[in-house]
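In terms of my numbering, the first sequence opens at residue 76 and continues consecutively.
These aren't lab readings, by the way, just hints derived from the structure by calculation. Just so you know, even glycine gets a beta-carbon here, dropped at the ideal spot from N, CA and C. A hint or two may mislead.
As the list claims (entries may be wrong) - Derived DSSO-like pairs (lysine-lysine); straight-line CA-CA distance at most 30 Å: (1) K190 <-> K123; (2) K164 <-> K207; (3) K347 <-> K299; (4) K287 <-> K299; (5) K299 <-> K218; (6) K333 <-> K309; (7) K261 <-> K309; (8) K207 <-> K287; (9) K261 <-> K190; (10) K347 <-> K218; (11) K123 <-> K152; (12) K333 <-> K190; (13) K218 <-> K269; (14) K152 <-> K190; (15) K190 <-> K269; (16) K299 <-> K184; (17) K253 <-> K190; (18) K207 <-> K333; (19) K309 <-> K184; (20) K287 <-> K309; (21) K207 <-> K344; (22) K190 <-> K287; (23) K269 <-> K164; (24) K299 <-> K269; (25) K218 <-> K184; (26) K190 <-> K344; (27) K269 <-> K344; (28) K269 <-> K309.
Said to hold, decoys possible - Taking CB as the label site, the calculated pair distances span: (29) A183 <-> I220: 31 to 39 Å; (30) I220 <-> S161: 22 to 30 Å; (31) L151 <-> G273: 21 to 29 Å.
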Amino acid sequence: MPFEESVMESEGWSSWTEIADSFSLTPRVLEELLWGGQTFQWFPLDEKREVWDGLLNSLRIQLRSNAGNVEFRVLLKTSEFEEARSALKHFFRLDENLEELMSFFPLAKDDYLSKCVNAFPGLRILRQPIEKVLLTFLCSSNKHIDQIRKMLGMIAHRFGEAITDGWHEYPTWQELAKVAVEELSKCSVGYRGKYIVGSAQRIAQEPEFFEKLERLPFEEAKMKLIELPGVGEKVADCVLLYGGGHYEAFPFDTWILKAVSQRYGLEGKSRKEMQRFVEEHLGDNRGIAQQYIFAYEREVREL
DNA sequence: ATCCAGGTATGCA
DNA sequence: TGCATACCTGGA
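Starting from the given sequences, assemble the full structure and let the hints guide the process.
Given below as structure tokens:
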């Protein structure tokens, strides 16, 4: 019997419902959003990765693309239906006009970017709490996405609040500040353990750290983040892009570095020069462009 | 086995 | 500033 049947019949779940009228995504793009390295609290329920199981605002939710329409259902005992729907609209940024944000991309004179954009229609930057994003990208250095996911899963399970059916939230920074590095090391975090606890302790001793961070303009927020141990330029850019909604952030990871230098003929150029090129060529919403490039490169290089 | 992975911190020219 | 190296861990 198809997997979907048993899911439909299990108790406690609401019925599958569209998140919003005009919100459609192919299964591939939905997969890229939930599994591609922006967020780490969603897991595929089936081999084909068409149904997703996750946690959003501590609500247990499932997602799928049904003939293009993004549908959700929620475990009713843990939440109200409309609460989940509005959390999802927020998460997918349905309040923003993606087309308009991308209207300044130099698509007419950039075949490469056009290819990236066309390959993942509707791809966007998810909106996640900045506290959570900081934790995820503090784990990210020198790791594959699936390894990051495993680390975070262990951290949540060991230190985070239990929600339902073995699902745990991430621990708060206040909680992490009290964790011993040796304890955290049991989550395979390696040398990142001291970064996480060290950052947690600084955050814990500065009241409203994240509130202040969110009020700062991009460059100042970036400097504030880089003061934390384990946060360099790349992690700071990720935190501000995925958690702070700063589309000026353009994280230069190894993939993007390779892609930009090769695709735009900038081999041998310094990192500074590449940054300057990206700023001028891609414009203020370059962070969104980065997401398309990242997705495209991962797909063509087959991982 | 040896290398590398969504980098950062440190030391030295 | 700009480059070299070490760093936990685990999978290829």
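For which of the previously enumerated hints does the structure constitute a violation, in increasing order of number?
9, 14, 15, 16, 17, 21, 22, 23, 25, 27, 31
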